[in-house]
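Participant: Here's the letter readout for the chains.
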Amino acid sequence: GAVVSQHPSRVICKSGTSVKIECRSLDFQATTMFWYRQFPKQSLMLMATSNEGSKATYEQGVEKDKFLINHASLTLSTLTVTSAHPEDSSFYICSAQGLNTEAFFGQGTRLTVV
Amino acid sequence: QQQVKQSPQSLIVQKGGISIINCAYENTAFDYFPWYQQFPGKGPALLIAIRPDVSEKKEGRFTISFNKSAKQFSLHIMDSQPGDSATYFCAASKGNTGKLIFGQGTTLQVKP
Chain H
60 GAVVSQHPSR VICKSGTSVK IECRSLDFQA TTMFWYRQFP KQSLMLMATS NEGSKATYEQ
120 GVEKDKFLIN HASLTLSTLT VTSAHPEDSS FYICSAQGLN TEAFFGQGTR LTVV
Chain Z
3 QQQVKQSPQS LIVQKGGISI INCAYENTAF DYFPWYQQFP GKGPALLIAI RPDVSEKKEG
63 RFTISFNKSA KQFSLHIMDS QPGDSATYFC AASKGNTGKL IFGQGTTLQV KP
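The listed protein sequences derive, respectively, from chains H and Z. Just so we're aligned, residue 60 is where the first sequence starts under the working numbering, counting upward by one. Just so we're aligned, residue 3 is where the second sequence starts under the working numbering, counting upward by one.
Quick caveat, the hints were computed from the structure, so don't treat them as lab data. Remember, predicted model here, so these are calculated numbers, not experimental data. Don't be surprised by glycine CBs; every beta carbon is placed ideally from N, CA and C. Keep in mind that a hint or two might mislead.
[Stated by the list, open to error] Sample of chain H residues lacking proximity to chain Z, with all beta carbon distances greater than 10 Å (derived):
1. 65
2. 91
3. 112
4. 165
[As the list claims (entries may be wrong)] In silico DSBU-like cross-links for lysine-lysine, where the CA-CA straight-line distance does not exceed 35 Å:
5. 114/H / 60/Z
6. 44/Z / 114/H
7. 59/Z / 79/H
Please work from the sequences and hints to get the whole structure.
Facilitator: Structure below.
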């Protein structure tokens with residue numbers, strides 16, 4: 060299958076700071092990328108969908124000003140958690156989809172806000 | 003509103019046994035039903051997927067059974083191995099989109 064790389068795999072940040080997570084499709088062009096959040100022992104919940112060159116579409120209840128998504132190229136999307144708080148601590152996972160392909164998941168980023 | 007309901011929440015199976023996980027969906031517009039395997043601290047990996055035009059799909063030890071009228075689908079893992087111990091998620095989407103609605107997950111433990 061195609062490879063989606065997420066970076067960093069783990070990050071610890073102080074409360075009130077911002078942190079950026081990168082999602083890259085390494086061997087295909089991702090026209091659409093998806094960002095999910097997973098709390099411990101829970102399922103994946105879709106946060107937002109982004110298409111290259113367009114504004115992201117956020118799911119109900121997800122603050123777009125807190126979770127900034129940029130999809131500036133066909134191989135890179137970034138999620139920035141702004142003014143992070145301990146309740147934002149979670150496992151963030153991206154997936155990337157090309158034209159007429161399934162979506163492939165990254166390995167996830169464990170965010171801990173202290 | 004939980005659009006995809008998964009059961010059981012946890013499952014213990016002896017090595018060599020059959021693991022069965024069930025999912026039910028509500029939205030009849032869903033037309034893509036994948037199963038994912040997730041190990042702790044890792045992203046989910048696609049195991050097998052099915053579309054509503056077939057009732058069963060088999061890949062190696064993994065089989066999906068699909069019942070369109072009942073809006074249910076299940077994953078069967080034959081000859082379960084300790085290495086299969088992981089969390090399994092069913093999901094559903096509509097159209098050719100990677101926008102997936104996940105079930106709640108099943109933690110499988112295969113005892114040696």
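Participant: Of the numbered hints stated previously, which ones are contradicted by the structure, given in increasing order?
Facilitator: Checked against the structure, the hints that fail are numbers 1, 2, 4, 5, 7, while the rest are satisfied.
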